[in-house]
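Student: As they're listed, the protein sequences go chains A and B.
Okay, so the first sequence: first residue is 1 according to the numbering used here, each after it adds one.
Okay, so the second sequence: first residue is 1 according to the numbering used here, each after it adds one.
Don't read these hints as lab results, they were simulated from the structure.
Be aware that a few hints might be false.
[As the list claims (entries may be wrong)] Once the Cα atoms are required to be at most 25 Å apart in a straight line, the calculated DMTMM-like pairs of lysine to aspartate or glutamate come out as: (1) A:LYS174 x A:ASP224; (2) B:LYS163 x B:ASP236; (3) A:LYS232 x B:ASP236; (4) A:LYS106 x B:ASP266; (5) B:LYS25 x B:GLU256; (6) B:LYS123 x A:ASP224; (7) B:LYS25 x A:ASP135; (8) A:LYS25 x B:ASP179.
Protein chains: 2
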Amino acid sequence: MSDEHAIGFMDSGVGGLTVVKQALKQLPRETVYFVGDQARLPYGPRPTEQVREFSWQMANFLLRKKIKMLVIACNTATAAALPDLKAKLPIPVIGVIAPGSRAAIKASKSHRIGVIATEGTIKSDAYRQAILRQDPSVTVISKACPKFVPLVESNEYHSAVAKRVVAATLKDFKSQNIDTMVMGCTHYPLLRPLIQNVMGSHVTLIDSGAETVNDVSSMLAYLDIANTSATKAYPDEYFTTGSPDQFTAIAADWLELPNFKATHIDLGSEQNG
Amino acid sequence: MSDEHAIGFMDSGVGGLTVVKQALKQLPRETVYFVGDQARLPYGPRPTEQVREFSWQMANFLLRKKIKMLVIACNTATAAALPDLKAKLPIPVIGVIAPGSRAAIKASKSHRIGVIATEGTIKSDAYRQAILRQDPSVTVISKACPKFVPLVESNEYHSAVAKRVVAATLKDFKSQNIDTMVMGCTHYPLLRPLIQNVMGSHVTLIDSGAETVNDVSSMLAYLDIANTSATKAYPDEYFTTGSPDQFTAIAADWLELPNFKATHIDLGSEQNG
């Protein structure tokens, strides 16, 4: 059976585009609807309840546009809202934490894994729990990196300031003997060269968002809801609660889509659950 | 919710152990029940209907032992029996073709992908269809390699004969400009060094079985049926319709489990559907 409806992706900001980028490469027949909640980012420092509320607003917006699957392309929102959304929505819901944990366990030989993420994700302890649930022999060393998301969203992720911030934030990891590090926030892959440079080439960086596309693909096949028509049935659409211009500048660079165009939306009037 | 029941794996022979090896590494809390139908291999040259019948016999044996998920760790059996088993069994059933196809699309930059497999798998055209369903821009070059499974099952996969057979079988691929090759039979990873040597280091070899463990892991998380107890609830068990000694020799070497022990079973009296 073929299902030509779109897959919905949602994030606090541009980070989720790291997931979309992989989806466009690996699933070229699937239509993408993306929502970034730039007006209210960063999500990391916000209370769990509020992140859950915002997540429901994004999910309800996407549901009204008719999607066949929802991808929470944000670690903070996955930690706060995945169980609730998964239990209550009539479509499959996929988060980024399980795929990131799984890829880290697969890559690590030393059984010492680092996790960097937002305060919200680190406080939730979701990565440590997901990793240990699968393999109790692993030691997880976690650190919140509250300065990373603002660097990316302000389009400064190539700057000298970014380089200094990343080096200072990660310096404690150098003595931890980890061989694998989870980039547990979908914004962080934009800082990947800087992170790799600090950690050294012997540390494997795991892109939780990119790994998630494997799960999306696997679930499309398992549930038999992939689009098997020759082409996409609908054009991809990108929405932001913030400034379309700022969003478009980063997205066009990151997705390498020169004609990328985003539409402004307001989520204040969406239901919360 | 935690489900401590075993995951069932089935193959025509020892090839499925390449999947089990990854499962033991990535999912150390999950109990493995494995059946290899050595008495009736190779499956590759057999009619589809017969492979389906044998697959049902293995599946029914594992079901009676109470499994929570079935992994068809054999490409020939996946091509012949996955849709039927998936539609009729009360537990999730996972095959090796979708994960192998997906990993190949992800790895390929040139969009030219080679597939080597048994005659049965190549005749079914299942790989080409799975790859094109996901990405129609790919060119798939397929070849049946009927001599590979017997080489592995006779424990000759390190021999000079194996080296010559692999070189002769794959020589036509050298001019095909592929950058990725799917080892579309779970026996072939035992020949990996020889295959890589012929194809050259610029060709990425995809281990369809190892990729499948990502799907298993992803499905355990999605369906919330992973075992979250501290240890396995039951010991792993390995069954063969052939000689336990021959099976044990290869398995102990390949799985690096010195105390590996296999039990002989007879599948002739199992139901067929």
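Student: Against this structure, judge whether each hint is valid.
Tutor: Status of each hint after checking the structure:
no. : hint                : verdict
1   : A:LYS174 x A:ASP224 : violated (45 Å)
2   : B:LYS163 x B:ASP236 : violated (33 Å)
3   : A:LYS232 x B:ASP236 : violated (45 Å)
4   : A:LYS106 x B:ASP266 : violated (35 Å)
5   : B:LYS25 x B:GLU256  : holds (12 Å)
6   : B:LYS123 x A:ASP224 : holds (23 Å)
7   : B:LYS25 x A:ASP135  : holds (9 Å)
8   : A:LYS25 x B:ASP179  : holds (16 Å)
The structure fails hints 1, 2, 3, 4 (numbered hints given earlier, in ascending order).
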